[in-house]
Every structure is written in C-alpha cells, then in structure tokens.
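Residue numbers (numbering that gives the first Met the number 0), protein chains in the order written: chain U, 0 to 290; chain L, 0 to 290; chain V, 0 to 263; chain B, 0 to 263.
Hints in this document: simulated from the structure, not taken from any laboratory.
None of the values given here were measured: they were computed from a predicted structure.
Any given hint might turn out to be false.
As the list claims (entries may be wrong) - Label pairs and their calculated CB-CB ranges:
1. U:149 / L:150: 16 to 24 angstroms
2. L:150 / V:128: 19 to 27 angstroms
3. U:17 / B:129: 22 to 30 angstroms
4. B:238 / L:200: 45 to 53 angstroms
5. L:148 / V:164: 30 to 38 angstroms
6. B:191 / U:149: 24 to 32 angstroms
7. L:93 / V:225: 32 to 40 angstroms
8. L:209 / U:140: 42 to 50 angstroms
9. B:128 / U:47: 43 to 51 angstroms
10. V:28 / B:28: 51 to 59 angstroms
Beta carbons are placed, not taken as given, at the ideal position from N, Cα and C, and that holds for glycine.
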Amino acid sequence: MDKVVALDEAVARLVPDGVGLLAVGGMHLQNNPMALVREVVRQNRRVARLLTSPCGALNADLLIAAGLVGEIATSYVGFEHLGLAPAFRRAVESGSLRVLECDEAYITHGLTAGAGGLPFVALPAGLEVSDVWKANPESYRLVEDPFTGRQVLAARPLAPDVALVHAAMADAAGNAVLAGAHFVDRAMVLAAKTVVLQVERVVPTDEVSRNPVGTTIPGFLVHGVVEAPGGCHPTASHGQYRYDENHLRTYLARAATPEGAHGYLEELVTGTTEPGYARAVGLRAGAGDAP
Amino acid sequence: MDKVVALDEAVARLVPDGVGLLAVGGMHLQNNPMALVREVVRQNRRVARLLTSPCGALNADLLIAAGLVGEIATSYVGFEHLGLAPAFRRAVESGSLRVLECDEAYITHGLTAGAGGLPFVALPAGLEVSDVWKANPESYRLVEDPFTGRQVLAARPLAPDVALVHAAMADAAGNAVLAGAHFVDRAMVLAAKTVVLQVERVVPTDEVSRNPVGTTIPGFLVHGVVEAPGGCHPTASHGQYRYDENHLRTYLARAATPEGAHGYLEELVTGTTEPGYARAVGLRAGAGDAP
Amino acid sequence: MSAPGDGATATWSPAELMAVELARRLRNDDVAVMGTASALPQVACALARATHAPDLWYVAGGTCGVNPHLGPAVPSCCDEDLLRADTALPLTDVVLLEGRGDVFSVFFAGGLQIDAHGNCNLVSVGDWARPALRGPGTVGLPFLALVGRVLIYTMSHNPRTFVERVDFLGGPGFFDGPESFARSGVPGGGPVAVVTPLCTMDFDPATLRMRLQSVHPGVEVTEVVAATGFELAESGAVPVTAAPSDEELSIVRRLDSGGLLKGR
Amino acid sequence: MSAPGDGATATWSPAELMAVELARRLRNDDVAVMGTASALPQVACALARATHAPDLWYVAGGTCGVNPHLGPAVPSCCDEDLLRADTALPLTDVVLLEGRGDVFSVFFAGGLQIDAHGNCNLVSVGDWARPALRGPGTVGLPFLALVGRVLIYTMSHNPRTFVERVDFLGGPGFFDGPESFARSGVPGGGPVAVVTPLCTMDFDPATLRMRLQSVHPGVEVTEVVAATGFELAESGAVPVTAAPSDEELSIVRRLDSGGLLKGR
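Chain U extracted, bound-state conformation (with noise of 0.2 angstroms):
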C-alpha cells in the first residue's frame, strides 16, 4: 500500500481541522518536521491542543504566532541559547493560550504511557514537590501506592490524536529510519492513532532495511508519508543539514511583534508554497550544511 502522499494532500487528509491532541516532534532547534507544520498553517487547521518534545521551539512557535493553538502541554518552548519563544510568551503572557504545565518526566514517560495502553502513569518520588503539577491538576494527580501506601504523582497517558514526526528516510510502506538523535520523537510515533512522516528522501525498502534494529520505524505505525528534502529548514535535519541560525535570528526579531510575525506568516508561509519557501530562504533542494 502506497502512503506516499503530496505535502498539502497529507495535511488536508490526515490532520482534521480541531485536532484534539496533535504532537510535533523534534527538540530544540533540531528535526522539526517544518514543511508539516507550515501546512498545517496553510490550511488553517485549528489545534484544540498541542503537544511538543520536552523542548518544543519554532514546531510549536510558528502554529502559535498562527493563532491556531488553543491550549499547549508542554515542559518547553524555546530557541535555546538563540531566545525565548516570542508567539509562545506573547499568547501566554496575554492570556489567549493555555498552558497544561509539563515536566519532561511526565511527557516522556506520558507518551510511552500512550504507546503501551496504560491507564496512567506512577511518577518518581520527589517530583511532587514541584509547582508544576500543583499548575496542571487536569494533568496530573496524587495516587496512593498500593504497594507502600504512600501518596505517590501520577499522571495520564499522552495519545495524540496525530502526530507530525520527522524521518530521514522511509519506503513507500511507510518503513522509515531515523538519523541521528531519537529525541522523543519514536515515542511519539508508538504513541500516536495518526502519524505523518516529512522525510528528506523516500527510498526502496532495502535501503531502509539495512540495520533496522535500534534506528527503524515499521509502516503499520504510519499512515502518510510526504517527501519534503530540506524541509526541517530552519532547524537541523540529522544526518543532513544544520539548523540556520541566520533565518532563526531573523524569525525572532520579526516575531518579536504580532505585525512582524504576521508578516512573517504572510511572506514564508501563507502567501507560498515549499517550494516557493526554499527559493525564498535560498535553500539548495534537499540539502544545507552537511553537519
């Protein structure tokens, strides 16, 4: 069965306007599945709530600036050592985005949680002392242990409703492999009812199958897959292109201001296309700086 699907295609079949859970994956400023996501704006496809990696940046940044978000389960939302996350701050800070607090224990143990079908999941003791679930009740609760009868936090599982993972290369099957650093973004793939692929090549399955034990993905976790080379741009692709600190820079000066990132939004994203994107960024199709 073909999944191989054309970008806009993907999003107008697979990620419903209202998308009740839908992760982004990537970490920091590396292997955000961007074609995806500047899609997803295209279309205008609305996020009840969305979910990042530990350490979401412009994946959840550029849908935010979008006013596409409703509410945020997150435990980061930044640039790094580059800045804070001007769309993310300016929405929470105003009001109009809600956070459900997150600590990276919680999303990561959450999403493996959402993978095995369990009903919840029993944290570490000593992260109850935080502020962090006292700030996300929805999230998190106490339990007690039934084993030592002592209060113990809990939290519920995390199964997005579709999740936006990208690969460095899969088959048509939707077999894929990921390069470099896993992040959370195989959990991500486990976990999730829908996933769409962005891969930077979409290759015969032996090329895939080479070394599958550690860095694969089997097909019948995946149910699009959309070629889109250099399409993590501006952050890194593992094995293919580091992130662009210039076009990053320029994102957090104009996205400083709601006019900016609007501007942004209308000149990169709304008013083109991909291809009209790499021209504009001068991205070589499929490549930048080899790491």
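Model the placement of chains L, V and B on the given structure of chain U, informed by the hints.
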C-alpha cells in the same frame, strides 16, 4: 577505570551469595550469559530470587538444577520447540521452587519502572482478567485509577540487585554494543543496581563508538566486563554463532532426572573450568557457526 | 507423510495444511503478532502476503523483526535470522503496542490446554500451587483479551490438550461463554479459529463454544470427536477442508525450505 | 575580554573561568547530566576528564551522547555533533535513569530566577496564571530534587535573576531552608555551588542560604552584593577565585575551539 575482570573474580566480587534479585539476560535459546551462569554455579552462589526475561531457558534451568534458586519471577522457562525445562518443571512440581507468576507485560514494564525509579506500573485494562496476578499477589495489586476511578492492575517495579547480561563487545570502561535483538537486556541493564557483562570480545572504545545511537550501553551502568568468547554456548550469540541444538538436546535428556542433571553439572560445570567446558563441548574458542 | 488415518495419499503434511488454513483467515489490513516457536504462523503470514493479503504486516515474537524475509522460516522466535526483515522494533516497544489494543489485529496463540470456550493455558495442569504438570508460563497470552482476532493453533489434538475448562486462565478466550465474556468487558474480540492437524474449528455464535468448521482431508468427524476432551457445539454437516492449492503449497515449501512443517 | 569592573587585564573570559570553577567541583566518580544550551557544562566536564577526573562520565542533554568528543563544544544540547561520543542513550532512557536517583550524581541547572535557597525557576516571573514574563518551561529541573549534587550556573548575575524566593518552584533547591528541606523528604542532596560571571557561591550549612565562597579576580564583594536581590549569608573573609592555570585555560580553549565561551 578498567572494568575488565576475570570470570571467577567477577562472580566472587559482584554476585553476593544469597543475592536478593538476580536477573539473567537473553531470551529463549539466544544470548543467555551462560559463562557467568556456570560460574555462579561453580561458586555455589545461592539466589534468593531469580528474574528472567519474558522467556528464560538454560540461564534459569541450570541454576535451578544446581539447587541454588529459592524463588523465580518469570513468565516462561522452557526450551521453546525443543521441550519443557526439566529442572524448572521438577522443582515446581515438587514444591521446592516458589514461582512468582508473571506475564510479559509485567516483566517488560516492571523493568522499565525499575529503570525509572517509578513507584509502580499501572497495566493495560484487560490484563486483569487472567489468573496470573491472582497467583502472584506479592507482585500485582489492584489500584484505583485517579483519573477514571476504575480499578486497574498495578505491579511492583523490577530493580535487580545484579544483572548478568551478554553483549557482543565492550571496551575496558564498560561501554558495550548489543548485537542483533535486544530482548529486554537493555532494560535489565538500566534497571539493575549492579551489571556484569559477558562479552565475546573486549575492544578499543572507537569500535564501540562507530554507531552509538540505539545499540550501545554506556559504561557508567556497567560494573564488570568479562571476556568470554563462545560464552553463550549452548545458546546462540547474535552476530556470532547459532545455538547448539545437539548440546541442548543432550542437556534436556540428561537433566530429565535429578541424577542426570547432577552428572551434567559435575562433568561440565562444577567439575571443570570454562576452558574445560569449551574443550568438552568441542567449542572453537570465540566462535560457532556464523549465522 | 500422510494425514492421520488418511486412506488416500496426501501430498502435504498436516502442518503445511495448517499454515494454509491460518493464512486463509488473515486479511490484507491485518497486523499480526506471534510468539514462541512460531515457524507455522511465520509461514502462514508470509503465505498470505504472497497471495491474497500483500499489505499484511507481521511481527515475529522475540526478535520483533517486522515482515521477516524468511530465508527460510526458523523454529525459534528469537532467532537472529528473523532480523533479516523490512524493519525491527525493540521487544519492549512491541509489548507496549500489544497493550494499546488498536495496533495488532491478530494474535497467534496456543497452549498445553485449550478449552471449549477458547481459553488457553501454558502455565499448569492441575492445581497451580502444586501442579501435576508445570508448563513454561504464560508469556504474552494475557494480551489475548485485548486483541481483535485470536487465531489458535496446536499440533496436539488430543483430550489432554482440548479440555472442557483450562486449569489456569492465562490466555483469555470467551471465559465461560457469552455472559462471562460480556461481563469481562475486555476490549478484544476473542478467538475466531482453532486449527489442528485434524480439523479447523470456530465458535458457535450463540454459546461461544468450539465447533467443527471443517475436517481435514482423510479425517473422520468421529476421530475429531474422540480426540477432543469436551463436547463440540453442533455444526451440522461438516465440510472437508480445502486442500492446499498447488500455488499455496509451492509457496509454503519455498518459505519453509528448511522443511520445518513438511515433516510434521 | 576583561571580567566586569576589572582593573587589571584578564586573559580569560568570565565564561571560561566559570567552566574551570565548575570543573573543579566535579569528582572522578561522578556521572553528570546537563540540559539546554549546555556548552559551558560540556567544557567543564571535558576539562575535569582531562585533568583530575579522568573517569568522570557526562551525558549531553537532548542527544544523550555520553562523553561527547567535543570537536568542538556546541551551543545546542540537541546538536548532532554531540553524538560523536563514546556511546549514546535514547533520551527516553536518560529520563528514566534520572528518576532512579542513584545513577546521576551531578545535575547542572540554572534559571530565569535563582533564589536564596538555591531553588530555580524557568517557568514564569510573577503569577503563573498571568505571568509578567513567561519563561520557556521547566524541562527536567524537577529532577533536581532527586540528584546527589546540583551545580547551578548562570551568565546573568543581577537582582532580577537572584531573588529572595522564586515565583514558581520548578527546580527544587533547599526550599525555604533546613526545616522545609528536611520535611520534603526528597532523596537528593540539593545544590552545592552557584557559579556566575562575578563569583562562586555555596550554601551556609546552618541556614542553607546562599553565601559567597569566592569572588572572581577583579570583582569587588560590593559589586556582588549589589547584583544580588537577596541578602547573602555571612561568609567572613571572601577569598579571590583562583585564576585558571595555563593548563586549564589551554584545555578549555582546545575544547571550545569554536570560542563559545571566549566571547562571554
């Protein structure tokens, strides 16, 4: 810090007599750390409680045949298509071995809970209908899901005091490579307080580092590295050699009676050394039939 | 060899016919998972992929190779050969996904005991605390309660294996019938077929008791009844299992070039 | 550049001295883990390994490269270069191990706010529900309560960062002092040092409040007091931080050949 240690010293120093929870790696007829297991028998180390992967085999049956195991937490001990585990079967039927009946979900998720310091693990709805947890109230309890109010099955974390695990290679610092299938060996390494690795070869660090993602174990989790070429015999060593079906059938035939098992142990374990064993079974050091 | 009690000369073994019968019950949209000693379901899945279900996925137990290339099928589910596959998952991930319930649609199962309502037992015969026969253990069989369709197979069709009620419920089927199955509220759909060297059985929709679906060529219904330790549900006239086609058999022999099924 | 307010000419940057100060607090038997934007702790750990702590292990945050080879240190903790390392773990495994408490002995931390008792906050300034400043989020800082020794560092030594009490407790230190720390029953040992461009601080054993341990060359105690938004615990005569040795500095420059620290 050089963690390479002789087989006898590794067991003498790292496996205390009466060890509380000893985990033995490998699954079915593959990657059983038999050199370490045989040395545990030679040094007559009693095991208060033994933990296997979801499918234990000779790694458990040999220790049971030697009369060293007080209790076993397992979801399977057998020889797959070759037959039942003679010593395990005899010990349970005679009442001399207490079984903590487990299922695959508990062994896998319980080790993850051990690795993560999780107070307990809540298991998927539907598993509570089997008789397994009813036969093992020490490991399983019902708990109320704090989010739904439903009664769900919970289980204790599995955190081995010592784990004996096979790896293809390791450097002197304990950085190791798992070849082929990982089974739950990685989870045992993550969950155990003390880890003793049995490897086919001790190699320079750069051989371990070639492809670090998804297949390696960092040395800070490893306390001893024993070079034991061919040490999985008669089970297979992924990437190195297949299981020795003839020898396994010989074991099954001889261990069918207590006397036969005693004779096998005297001839091939307690009465000899690993080099002696290798000679007796016609093992070409460090190799079998390459898969 | 010939099928038991076969007057005519069969050109295929019971195990080969069983693989074909299992393959016939797989769908193009299935994702199947199998456990210990899984040569037979390996061949069944690969046969289905080579014939009517090219998009079927299957995961080979312990190694968790996905769609292993079977060059050839192997007896141990943990054999490294099964990693010659399109992809592979860590076992820990597969065990997670088994808990999701909505990923795997088919689970192959069996047991030391298989009862009238399709419950399986690999743990113990007699009282669990002091068993007459201690089996290996239940491994992943409790997941049967979560999966869409369970396909049961066994090479042992005799009254010790086919009992009225399992002594230990490790692999849930329909429990004691419709009421208890409904009351259990399990997400799974229960067993849909039981394939043995003598016959293929399914379950009576009203009572959820096992019944004859077809007897294999050369096998008499009376043989099956005598070999079954409980009363099968009424199933009227029992057809003969369709013999493997030449195509099916040639594919089976190619996948099983080691002859693991041929001799059984 | 020169250290702030430095009369003499310093031949090293504040960030370079901070890396040296952090390295001096690492032990040969440590296993350290670091998070976001971790060039400074990367260099500190690699320096320690190159000098007094050859057996120290360190895990670089997001990529989870173990003992990355730093050719050279990089600003993003998720940079693929950090996988040029002895080994690597999946992030999910590292997050598990952080919960064990007995694996990682050192955790590097920081925050938008760091308070008198070493609590850290990366979430929000002002009321969480309607913050004056929304920070990125807490990531792994709640694990500070589980780890043996916490080493805090920040490039921002000013009264906005160093506050009497954090507005949001995301990275637990000593809470409100000895009583509340004891009452919390957390397994961790709490923060042991706070390194900034101006000074190195530790905690008064009696009150668990931050105090001056040493001021960096060319920095006056009065500067530090003015830059700190709470009253530091009394610490008597304050020595001057030992300048990096030529060996330390040359190793730092080799590890940081990209000059990430040199310019800060």
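Structure-based check of each hint:
The hint said 16 to 24 angstroms for the Cβ distance between residue 149 of chain U and residue 150 of chain L, and at roughly 19 angstroms that hint holds. Taken as a hint, the range 19 to 27 angstroms holds for the pair residue 150 of chain L and residue 128 of chain V, whose Cβ atoms sit roughly 25 angstroms apart. Separated by about 26 angstroms at the C-beta atoms, residue 17 of chain U and residue 129 of chain B satisfy the suggested range of 22 to 30 angstroms. Restraint check, residue 238 of chain B to residue 200 of chain L: a C-beta distance of roughly 51 angstroms satisfies the suggested window 45 to 53 angstroms.
Distance hint check: the CB atoms of residue 148 of chain L and residue 164 of chain V are about 33 angstroms apart, consistent with the given range 30 to 38 angstroms. At roughly 28 angstroms, the beta carbons of residue 191 of chain B and residue 149 of chain U sit within the given window of 24 to 32 angstroms. Our hint of 32 to 40 angstroms for residue 93 of chain L and residue 225 of chain V holds, since their Cβ atoms are close to 34 angstroms apart. A hinted range of 42 to 50 angstroms for the beta carbons of residue 209 of chain L and residue 140 of chain U is consistent with their spacing of about 45 angstroms.
Take residue 128 of chain B and residue 47 of chain U: their Cβ atoms lie about 20 angstroms apart, and the range 43 to 51 angstroms is violated. For the pair residue 28 of chain V and residue 28 of chain B, the beta carbons lie near 55 angstroms from each other, so the given range of 51 to 59 angstroms is met.
Checked against the numbered hints given earlier, the structure breaks only hint 9 and satisfies all the rest.
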